[in-house]
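These protein sequences, in sequence, are chains A and B.
For reference, each letter of the first sequence is one residue, going 5 to 425 in my numbering.
For reference, each letter of the second sequence is one residue, going 25 to 243 in my numbering.
A hint or two may mislead.
Claimed, not checked - To give a feel for the contact side, a few chain A residues facing chain B, derived at Cβ under 7 angstroms:
| # | residue |
| --- | --- |
| 1 | G35 |
| 2 | S217 |
| 3 | W268 |
No lab work stands behind these hints: they were computed from the structure.
These numbers were taken from a predicted model, which means no experiment stands behind them.
By construction, the Cβ of each residue, glycine as well, lies at the ideal position given by its N, Cα and C atoms.
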Amino acid sequence: MSASLEKGIRVLKEVIDAPMASYFSSCVHCGLCAEACLFYTETGDPKYTPIHKLEPLRRIYEQEYTLLGRLGKMVGLSKPVTDDELEEWKELVYNSCTLCGRCSAVCPVGNDIVYMVTKFREGMSASGHAPEGIIGAVNRTITIGSPMGVKLPAVKAQMKHVEEDYGLPIPLDVEGAEYMVMLSSMEIINFPEYLAAIAKIMDQAGKTWTLCSTAFEATNAGYQIGNSDLAKVLVMRIVDGAEKLKVKTVISPECGHAYSALRWNGPNVVGRPFTFKVQHIIEVLGEFQELGLLKTEGFETDKLTFHDPCQLARRGGVIKQQRNLMNMVAKNFVEMPDAGYMNWCCGGGGGASAIEEGEELRMEAFKKKKAQLDAVKPDRLVTACANCRIVLEEGLEHYQMDIPVVGLTEMIAEHIPKKGA
Amino acid sequence: MNDMQFLTWVRGTGLDIAVSIFLLGVIWRLFEIYSIGRKQDLAAPRSTPGASGLHTIFRRSVPPEGMMKRSPVSYIGGYVFHIGLAIVVFLFAPHILLISNLTGLSWPGLPSQFIDLITVVTMAAMVLVLFDRINKPVKRFLSTFGDWFTWTLTFLPLLTGWLSVQHLLLPYTTMLALHILSVELLLVFLPFTKLFHAFTVFGSRWYIGKINGHKGVAV
Numbered sequence: 005m006s007a008s009l010e011k012g013i014r015v016l017k018e019v020i021d022a023p024m025a026s027y028f029s030s031c032v033h034c035g036l037c038a039e040a041c042l043f044y045t046e047t048g049d050p051k052y053t054p055i056h057k058l059e060p061l062r063r064i065y066e067q068e069y070t071l072l073g074r075l076g077k078m079v080g081l082s083k084p085v086t087d088d089e090l091e092e093w094k095e096l097v098y099n100s101c102t103l104c105g106r107c108s109a110v111c112p113v114g115n116d117i118v119y120m121v122t123k124f125r126e127g128m129s130a131s132g133h134a135p136e137g138i139i140g141a142v143n144r145t146i147t148i149g150s151p152m153g154v155k156l157p158a159v160k161a162q163m164k165h166v167e168e169d170y171g172l173p174i175p176l177d178v179e180g181a182e183y184m185v186m187l188s189s190m191e192i193i194n195f196p197e198y199l200a201a202i203a204k205i206m207d208q209a210g211k212t213w214t215l216c217s218t219a220f221e222a223t224n225a226g227y228q229i230g231n232s233d234l235a236k237v238l239v240m241r242i243v244d245g246a247e248k249l250k251v252k253t254v255i256s257p258e259c260g261h262a263y264s265a266l267r268w269n270g271p272n273v274v275g276r277p278f279t280f281k282v283q284h285i286i287e288v289l290g291e292f293q294e295l296g297l298l299k300t301e302g303f304e305t306d307k308l309t310f311h312d313p314c315q316l317a318r319r320g321g322v323i324k325q326q327r328n329l330m331n332m333v334a335k336n337f338v339e340m341p342d343a344g345y346m347n348w349c350c351g352g353g354g355g356a357s358a359i360e361e362g363e364e365l366r367m368e369a370f371k372k373k374k375a376q377l378d379a380v381k382p383d384r385l386v387t388a389c390a391n392c393r394i395v396l397e398e399g400l401e402h403y404q405m406d407i408p409v410v411g412l413t414e415m416i417a418e419h420i421p422k423k424g425a
Numbered sequence: 025m026n027d028m029q030f031l032t033w034v035r036g037t038g039l040d041i042a043v044s045i046f047l048l049g050v051i052w053r054l055f056e057i058y059s060i061g062r063k064q065d066l067a068a069p070r071s072t073p074g075a076s077g078l079h080t081i082f083r084r085s086v087p088p089e090g091m092m093k094r095s096p097v098s099y100i101g102g103y104v105f106h107i108g109l110a111i112v113v114f115l116f117a118p119h120i121l122l123i124s125n126l127t128g129l130s131w132p133g134l135p136s137q138f139i140d141l142i143t144v145v146t147m148a149a150m151v152l153v154l155f156d157r158i159n160k161p162v163k164r165f166l167s168t169f170g171d172w173f174t175w176t177l178t179f180l181p182l183l184t185g186w187l188s189v190q191h192l193l194l195p196y197t198t199m200l201a202l203h204i205l206s207v208e209l210l211l212v213f214l215p216f217t218k219l220f221h222a223f224t225v226f227g228s229r230w231y232i233g234k235i236n237g238h239k240g241v242a243v
C-alpha cells in the first residue's frame with residue numbers, strides 16, 4: 005500500500021461521523037481525561053492528555069465540517085494538517101495510547117475519545133505515519149498468517165505435544181463442531197498450556213470443538229494499526245473458516261484486542277453481520293460455570309489478584325465472569341484498587357507492546373500497575389490476555405517484583421478432576 | 025447616545041439581533057453536527073440492564089470512582105458554577121418576568137437576597153476554575169483563546185447583573201444596559217464556541233452510551 009498525506013487526509017475526512025462532530029463540539033478542555041490516562045498520570049507530561057492526541061483530527065473536522073471552519077480555511081486563518089505534524093503525533097496516537105478507554109469512561113461530556121483515536125489511526129496509517137513495529141506485525145499476519153510469524157506446522161507441533169502430554173485429542177478442521185477455537189501466536193509460542201486447558205475444559209463439558217487450519221490466529225494487527233482493509237482481510241479469514249466448518253460459536257482466546265477486533269469491529273469491517281456467535285473464552289467459561297458444565301476440585305491457597313484486560317472488561321462488558329471463576333478455584337482472591345471496570349491498563353495494549361521505541365515510556369507507565377499491586381501485595385497475578393501477560397511480566401521484571409503471572413483459563417483447567425479419578 | 029437610548033437599544037434591536045443569531049446559530053450547528061450521520065453497528069448486540077444512551081445522559085453527571093480526588097476543583101467548582109448559573113438565570117424574579125413577557129411561561133422565583141448570595145458564590149466558583157485553568161499544567165496546556173474568551177463571556181453577565189442590582193460602580197441604567205449587552209454577546213457566541221456543549225452534551229453522552237450499550241457496557 006502506498007501511503008501519502010493526501011490519502012491520509014482523505015481517510016480522516018471519511019471517518020468523521022456525527023458522534024465525532026458532537027464530541028469535538030462538546031469538549032470544554034477540562035483535562036479530566038488526562039487524569040484517567042496512565043501515560044499522563046505517570047509522566048506528568050500534559051502532551052499525553054487524551055483529547056490532545058486528536059488535535060490534527062479535530063482541525064480537519066473543523067475545517068471540513070463546520071461553516072466557520074470552512075470560512076477560516078478559505079481566508080487562510082486555519083493551519084492545514086501537515087506530514088511533519090502527523091509524524092509528531094505518531095508517538096501520541098500509538099506509543100502513548102493503548103486504546104484502554106479510561107479517558108472515554110471519565111469524560112464528563114461523554115466524549116468517546118478512544119473511538120476517535122481508532123479512527124484517527126486510520127488516517128495515520130494511510131498517510132504513512134504508523135510505527136514500524138505494528139507495520140511489521142501487520143505484514144507478517146497478512147503474508148505468513150500471524151504477527152509473530154507462526155505458521156500452521158508450529159500449531160500442528162503444539163497440537164501433537166498436547167495430545168501426547170494429556171491424552172486428549174485436539175480436533176482440526178472438524179465440520180459441524182459447536183465451537184471453533186482461535187489462538188493468539190503468543191499462546192502458540194509462549195503459553196502452550198492454553199490449548200491443553202481448552203481440551204480439558206471442552207472434554208469435561210462434553211462439547212464438540214475444533215481448530216481451523218486456515219484460521220487459527222485470532223489477533224488483528226490491521227485493527228491496531230488502523231487499516232480497515234487489512235483488518236478486513238484478517239477478519240474474513242476467520243469468517244470463511246467458521247462458515248466453512250459450520251460452527252455455532254467462535255471462541256476468541258485470552259487476548260483483549262483479538263476479541264474487540266472480531267466481536268465488535270469484525271462485522272463492521274466486513275460489512276455484514278456474522279452467521280455465528282463470537283465469545284471470549286472467559287464468557288464461555290462463565291456460561292459453562294452457570295450451566296454446571298464446569299466442575300473443579302481443590303483451591304489455590306496463595307494470595308491471588310486479577311488484572312482485567314481493558315478490551316475484555318471496560319470495552320467489552322465482561323466483568324463478573326472472571327470474578328466468579330476466580331472464586332471457584334481460589335480461597336484468597338483479593339481485588340486491586342480500581343479493579344474491574346476502571347482497572348488500569350498494563351500499558352501495552354492496542355499494539356503499543358509491538359513498538360520498540362515506546363518501551364521506555366511503557367515502563368514509566370507501568371508504575372501505575374506497580375502501585376495497584378503494591379496495594380494488595382499478591383503472591384500471583386492472574387489475567388485473561390496473553391498480551392497483558394507478556395507486558396506485565398516485562399514490567400514486573402523491570403521493577404524487580406517477584407510476582408508470577410498466570411492465565412485464568414489454564415488455572416481453571418488445572419482444577420478439573422482427572423477422568424476416572 | 026445617552027444611557028436611556030443605550031438601554032432602549034439593547035432591550036429592543038440589540039436583543040432581537042442577538043436572539044436571532046442565537047436561534048439560527050443553534051439550529052445551524054445542530055444540523056451541521058448531527059446531519060453527518062453514522063454507520064449502523066453490524067455487530068450482534070449484547071444487552072445489559074442500565075447500558076443505554078439515556079442512562080448515560082444522567083450517569084455522566086456523577087464523577088466516576090476515584091476521579092473527585094484527582095481533580096476536586098474541576099468537579100466541585102464545575103458543579104457550583106453550573107448549578108449557580110442555572111439558579112441565577114432561571115429563578116431571579118426579573119428574569120422570570122422577562123421570560124414571561126416573551127413566552128407567557130412563568131414560575132415562582134427566589135428571594136432577591138438569596139440570588140445575590142448565589143451570584144457571589146457562582147462568581148467565586150468561576151474565579152476558582154479560572155485559577156485552576158491557569159495553575160494546572162494540563163488545563164493550561166489545553167487552553168486556547170476560546171477558553172479565556174468564553175470564560176469572560178460567561179462571567180460578564182454575572183458581574184454586571186450583580187453590580188446593577190447592588191447599584192455599584194456605574195449608574196443603574198448604564199449598568200443594566202451593559203448587563204443586557206453582555207448577555208447578548210453570550211447568546212451570539214454560544215453556538216460557535218465551546219459553550220455549545222450546553223446543547224451537544226446530551227448528544228455526546230447519548231452516543232457514547234448507545235455505542236457502549238450495544239456492547240453491554242454501562243458507561
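Structure versus earlier hints, numbers of those that do not hold, lowest first:
Of the numbered hints, just 2 does not hold.
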